[in-house]
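So the sequence lines, in the order shown, correspond to chains A and B.
Going by the UniProt record's numbering, the first sequence opens with residue 1, and the numbers climb by one from there.
Going by the UniProt record's numbering, the second sequence opens with residue 1, and the numbers climb by one from there.
By construction, these hints were calculated from the structure, which means they are not laboratory data.
For clarity, every value in this text was computed on a predicted model and none was experimentally measured.
Every residue, glycine too, gets a C-beta built ideally from N, C-alpha and C.
Take these hints with a grain of salt, some might be off.
What the hints assert, rightly or not - A few chain A residues that face chain B, going by a derived Cβ cut-off under 8 Å, partial list only:
hint	residue
1	Leu44
2	Gln46
3	Gln89
4	Phe92
5	Met141
Now for the letters of each chain:
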Amino acid sequence: MTKQTFEITVDGETRSVIAEPDMPLLYALRGALEKKGPKFGCGLAQCGACTVLLDGEPIRSCVTPIDSVSGEVRTLDGLATDGTPHPVQAAFIEEEAPQCGYCTNGWMMYAVAMLEKNPDVSDQEIRDNFAGLKCRCGTHMAILRATKAAADAMKA
Amino acid sequence: MTEWTGRVEDRRLLTGAGRYAADALDRGTLHLAFLRAPVAGARITGLDVAEAAAMPGVAAVLTAADLAADGIGPIAHEALARDDGGPAVDRPQPILAGDEIGYAGQAVAAVVAETREAAQDAAEAIVLDTEDIDPPSGVAFLRRHGSAEDTEAALARAAHRATIEIEVPRVTAFALEPRAAIAWPQDDGRMLYRTSTQNPFAVRGQLAAQLNWAPERLHVVAEDVGGSFGLKGFMAPEDAVLCWAADRLGRAIAWLPGRSETMLGDAQGRGAHGRVTVGLGADLEILAIEAAFEIDAGAYPGRRAYGVMNNINGLTGMYRVPVLSVEIAGMLSARPPLAPFRGNGRPEATHAIERALDAVARAAGADPVEIRARNLIGADEMPVTTALGATIDCGDFARVMAAARALNGDPAPRRAAAEARGRLYGVGLANCIESAGGPMRQPKPDCARLDVDADGRVTVAPGVMSVGQGHETGLGAMVAARLGIDRSRIDYRHGDTEAVRFGRGSGGSSGLTVAGSALAVALDALIADGAARAADMLGCDAGDVSFRDGAFHRDGSNESVDLGRIAAEAGGWRIEETFTPDAATFPNGTHLCEVEIDPETGRTEVVRYAAVEDVGTVMNPVLVEGQLHGGIAQGLSLGLGERIVHDADGQLLTGSLMDYAMLRASDLPGLRLGTEEVPTALNPLGVKGVGEAGAVGATAALASAVSDALARAGVTDFDLPASPCRVWEALAAAGRDVPDA
Ligand code: FES
Ligand code: FES
Numbered sequence: 001m002t003k004q005t006f007e008i009t010v011d012g013e014t015r016s017v018i019a020e021p022d023m024p025l026l027y028a029l030r031g032a033l034e035k036k037g038p039k040f041g042c043g044l045a046q047c048g049a050c051t052v053l054l055d056g057e058p059i060r061s062c063v064t065p066i067d068s069v070s071g072e073v074r075t076l077d078g079l080a081t082d083g084t085p086h087p088v089q090a091a092f093i094e095e096e097a098p099q100c101g102y103c104t105n106g107w108m109m110y111a112v113a114m115l116e117k118n119p120d121v122s123d124q125e126i127r128d129n130f131a132g133l134k135c136r137c138g139t140h141m142a143i144l145r146a147t148k149a150a151a152d153a154m155k156a
Numbered sequence: 001m002t003e004w005t006g007r008v009e010d011r012r013l014l015t016g017a018g019r020y021a022a023d024a025l026d027r028g029t030l031h032l033a034f035l036r037a038p039v040a041g042a043r044i045t046g047l048d049v050a051e052a053a054a055m056p057g058v059a060a061v062l063t064a065a066d067l068a069a070d071g072i073g074p075i076a077h078e079a080l081a082r083d084d085g086g087p088a089v090d091r092p093q094p095i096l097a098g099d100e101i102g103y104a105g106q107a108v109a110a111v112v113a114e115t116r117e118a119a120q121d122a123a124e125a126i127v128l129d130t131e132d133i134d135p136p137s138g139v140a141f142l143r144r145h146g147s148a149e150d151t152e153a154a155l156a157r158a159a160h161r162a163t164i165e166i167e168v169p170r171v172t173a174f175a176l177e178p179r180a181a182i183a184w185p186q187d188d189g190r191m192l193y194r195t196s197t198q199n200p201f202a203v204r205g206q207l208a209a210q211l212n213w214a215p216e217r218l219h220v221v222a223e224d225v226g227g228s229f230g231l232k233g234f235m236a237p238e239d240a241v242l243c244w245a246a247d248r249l250g251r252a253i254a255w256l257p258g259r260s261e262t263m264l265g266d267a268q269g270r271g272a273h274g275r276v277t278v279g280l281g282a283d284l285e286i287l288a289i290e291a292a293f294e295i296d297a298g299a300y301p302g303r304r305a306y307g308v309m310n311n312i313n314g315l316t317g318m319y320r321v322p323v324l325s326v327e328i329a330g331m332l333s334a335r336p337p338l339a340p341f342r343g344n345g346r347p348e349a350t351h352a353i354e355r356a357l358d359a360v361a362r363a364a365g366a367d368p369v370e371i372r373a374r375n376l377i378g379a380d381e382m383p384v385t386t387a388l389g390a391t392i393d394c395g396d397f398a399r400v401m402a403a404a405r406a407l408n409g410d411p412a413p414r415r416a417a418a419e420a421r422g423r424l425y426g427v428g429l430a431n432c433i434e435s436a437g438g439p440m441r442q443p444k445p446d447c448a449r450l451d452v453d454a455d456g457r458v459t460v461a462p463g464v465m466s467v468g469q470g471h472e473t474g475l476g477a478m479v480a481a482r483l484g485i486d487r488s489r490i491d492y493r494h495g496d497t498e499a500v501r502f503g504r505g506s507g508g509s510s511g512l513t514v515a516g517s518a519l520a521v522a523l524d525a526l527i528a529d530g531a532a533r534a535a536d537m538l539g540c541d542a543g544d545v546s547f548r549d550g551a552f553h554r555d556g557s558n559e560s561v562d563l564g565r566i567a568a569e570a571g572g573w574r575i576e577e578t579f580t581p582d583a584a585t586f587p588n589g590t591h592l593c594e595v596e597i598d599p600e601t602g603r604t605e606v607v608r609y610a611a612v613e614d615v616g617t618v619m620n621p622v623l624v625e626g627q628l629h630g631g632i633a634q635g636l637s638l639g640l641g642e643r644i645v646h647d648a649d650g651q652l653l654t655g656s657l658m659d660y661a662m663l664r665a666s667d668l669p670g671l672r673l674g675t676e677e678v679p680t681a682l683n684p685l686g687v688k689g690v691g692e693a694g695a696v697g698a699t700a701a702l703a704s705a706v707s708d709a710l711a712r713a714g715v716t717d718f719d720l721p722a723s724p725c726r727v728w729e730a731l732a733a734a735g736r737d738v739p740d741a
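Extracted from the complex, chain A is given alone in its bound form (with noise of 0.2 Å):
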């Protein structure tokens, strides 16, 4: 395959980007992109390290090729705006959600994409949201907590 200039915005800022067109998505942030927010789990769509926002919805971008980005994408890196952190990450920096920090991108952007469209939303959703993420360390009882602490905060 050759080589294609594919242009993308992320995080507000449009950017180029030579690459082919099936490498994933995931590739291009890390690289050439420096976003190095979204992490490499798995590679196969089974563990949400990879996440970002496309157009404010949650995809793996380690199975998305970059040919088929279209839209605004949006990375934990970009989360925070002049260095406060949004309310999900003030959350997740109160309960001390993550141990090693690894699986942390996935839930976050997760917990935007749900809470940005509606911060209401109840525990049983909430886990409902987070169905396909994993996290080894086993944090995720600091992250519901940390979820539902930042639904508080968006609500008021």
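Got chain A; can you put chain B with the ligands on it based on the hints?
Coordinates of chain B with the ligands only, in the frame set by chain A:
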């Protein structure tokens, strides 16, 4: 604006600024990919790399022949003498397979190329021919404890006895960050090796020995690590290949494997089969335990297959056991080598004794909780040396058990409600105790370094490293409190063989007990040394100087000298101290688990969980809770369905999360956690260690709950994992009226 409070490390981890191994990848780095054996139990009859070597972008194709030409042998291993007098088996693990393939997934050749894709494509173009041979089999190691005769005699006069079997499947660590590494030759001839490891010093030492290099030639660095759990504590063949290849080519090379590759090629954890008999006397007192374990030690059974053997002392649990007989046999197989996985033999031992106690309680028609309570070693009997030679220095098991039961509350109404809904309900209890900060027979030291600069900033470098535990927060807080300075004046370095003289890394629940204690000793030494220097500067006796708020004050005056001035005067100020525990500590706990089983689907749901642990002094409750939580989640995940399966030909059938069931957030109930502090005198902090505690108790408590639920439906010999299919089959086999699946 929100303040950044909480864990220090979270500031970078939650903004994408963490530094995991692959984050350091530079442009222009070459990539390495492996050809992995597609079969197990085979001899290599042909290996043709010509086509691969000629492919675009390929810099080198390396095989066992190249290793041999450079004088690099297999990973040496000293075979253990067998207690049954049989032949000790020595099967050193090749770095790249040359003649023989031990297991499917073993690395056979390495390709280095300009891109990862080019390296992978070329690896696929290598032509490998093999012929089948008998797969590895037979006994690799064998250890015996206790007296078979005395045990037999005691069991013969038992009023009640029961035998159970446990099957602890092989599991994969599945750290969310796969193993990954980059080797960078430096201009001065040294090698910078950035790798996702929990023990940089072990990796450096083993690599140096393997490659015949001086250890100083290697600089091993791991900053943030995305979970490890025992897997990443040693040099794997891939590490040696990467450093060797980078040295040969004089170029930086990265190995960034995909998940399918690590599922296939990583060493695996657990893998034990156990058969345990317990006999009770007329007063329900334990008379004897007889146990035999077979470990699936894989094709290359090195030291890391010794988990059950090294941690078998957990088999006597918290109980008085007068006599026992134990045999542990490591069996060769056509499977990958074993590695420790959180608990490393401790969960297996606990699972075995606790299941056996449940079974003998059922045989005696007695309450399993009552049997446990009756046999507990009393707080007034400490220190006690068990029949397996462990000396437990302190503990109050009855208090721990009572606290856990109180925390859980009376299960009877919950059972009644669930049964009224047609569910099977099980209540399980497991007592667990494990050695920590060992090895038990000869604990290893750890180290801590403090550097003070002329501005009074303090750099802390402990020998332990965090792979998620939050040591940066815990140990940083310890320094801030002891020196009376703000946390923002403290820098923290870990995971770097040049930050401190040596270090144990992360493992064996030793972080706070050993490295934390080394840090406490170093802080005392810094203050003592500082007092002497300050006295000199102030022209008084050290005895007239007192330390507070980061400065030495001359008593009865307003003169003082702060840390920075001492460092400035001395032209740099470094204190490095070590700590070696006299003996291992014994964290212990009681876990209660309640499950509901749907008899129609076989699905097991954990609906309630409570645990109380005595981890000694609790220094940071949030970090302790995190460790317990994480350990319990892993223990439950293993019990609910995690299981590596190979078919009869040694092919991996569970190569991704499609087939390998790992816990989700919705599988967990809220956990009720408590601590009872019985501080140990074995270290200055009074801490016992917490990293493994959760995992040691959880699988056993789940097994106890599931067997309770199923026993009520007539299933008497069920063991984990409690996957829906296995539970359903057991119910069907017991003649329970279940609908067809
Ligand atoms: S890395 Fe994309 S889902 Fe795991
Ligand atoms: S915090 Fe380590 S995997 Fe979730």
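The hints, checked one at a time:
1. Leu44: For Leu44 (chain A), the interface hint holds, since the closest Cβ of chain B sits about 6 Å away, which is under 8 Å.
2. Gln46: Check passed: Cβ of Gln46 (chain A) comes within 4 Å of chain B, closer than 8 Å.
3. Gln89: holds (5 Å)
4. Phe92: At 6 Å from the nearest chain B Cβ, Phe92 (chain A) passes the 8 Å test, so the hint holds.
5. Met141: Holds: closest Cβ of chain B sits about 6 Å from Met141 (chain A), inside 8 Å.
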